[in-house]
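Construct all of the structure, not just a fragment, from the sequences and the given hints.
First residue of the sequence shown: 221, per the numbering used here; consecutive thereafter.
Treat the hints as calculated values from the structure; they're not laboratory data. Just so it is clear, CB atoms sit at the ideal spot from N, CA and C, and this is done for glycine as well. Hints may be right or wrong, so weigh each one.
The list that follows gives simulated cross-link-like pairs (lysine-lysine, BS3-like), each with its CA atoms no further than 30 Å apart [what the hints assert, rightly or not]:
hint: 1; residue 1: Lys-294; residue 2: Lys-284
hint: 2; residue 1: Lys-478; residue 2: Lys-284
hint: 3; residue 1: Lys-376; residue 2: Lys-460
hint: 4; residue 1: Lys-476; residue 2: Lys-376
hint: 5; residue 1: Lys-460; residue 2: Lys-263
hint: 6; residue 1: Lys-410; residue 2: Lys-460
hint: 7; residue 1: Lys-471; residue 2: Lys-271
Label pairs and their computed distance ranges (CB to CB) [as the list claims (entries may be wrong)]:
hint: 8; residue 1: Lys-405; residue 2: Pro-260; range: 34 to 44 Å
hint: 9; residue 1: Pro-281; residue 2: Pro-260; range: 31 to 41 Å
hint: 10; residue 1: Gly-430; residue 2: Ala-261; range: 46 to 56 Å
hint: 11; residue 1: Ala-462; residue 2: Ala-261; range: 26 to 36 Å
hint: 12; residue 1: Asp-416; residue 2: Ala-389; range: 22 to 32 Å
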Amino acid sequence: MKRSSGVRLCAGAAVGALSLALVTGCSGGDAKNTGDAAKPAAKALSAAELKKLIIAEGEVPGYKVTPVPAGRAKPITTDSELCRPLARVMSGLPPVEAAAQTDRLAMENQTKGPTDQATSMKDLATGKFEESIHKSLDRDVTTVTLASYDGNGADKALGTVRTAVPGCASGFPAAQAGTKTRFTKVTEEKATAAGDGLVAFTATMDTGDGNPAPVHAEVVRTGTTLSVYFTSNLGAMMDKKAYAVSPEVVKAQQAKLK
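This is how it looks when you write it as structure tokens:
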């Protein structure tokens, strides 16, 4: 089965915590205005604290949760400053650099392998074997990232995604590991989670063979924590089936942040 470089790039792209900004008050110079003293700025969570909050194996029904492989795919890059936060999110990174972060990979359990169905030469000729391979690849792979920021970094980081979604609606050029591609469009989606702030979107990649490859992402702020979800499903892309950010993964992760 031949796959385009765009689909390989999309499949390889694998999926935070933001601080809640506290408004800094200021006194009017009068010693009596002690009630207007500046409040301390929110502090970033440490990497150790984030690791206690991120999902673990056994906590997401129907999914296997593991550390993100050390040999993870190279990040998606773009020359568009406006669209860069989207490229980072689709690389399993927070939209902008964070003080601390951690991540996990949640892969939907496989229901059938490519050898569960017919494998004869006759079946190869009729396309049944290719169909079975597509089914074996039809499972969500979601990268979950938690990242933490100091001060008003939460609002600023989430704001870059909120601005980029409509700003990059007509698409943007990108590259991964030296392979150039283009996202042809970006559209806002309804978020799966509830939070203090959230943005969800779909980005569609041009695979070069007439088969667009959509991927899905969601960024949610809960207090001082930003959760970044990035989901791809290669089998669904090949069969042009609709899919979304894995709701089971979002539900499990957000429950740990309450």
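Notebook entry, point to check: Hint numbers the structure violates, sorted upward?
Noted result: 3, 5 and 11
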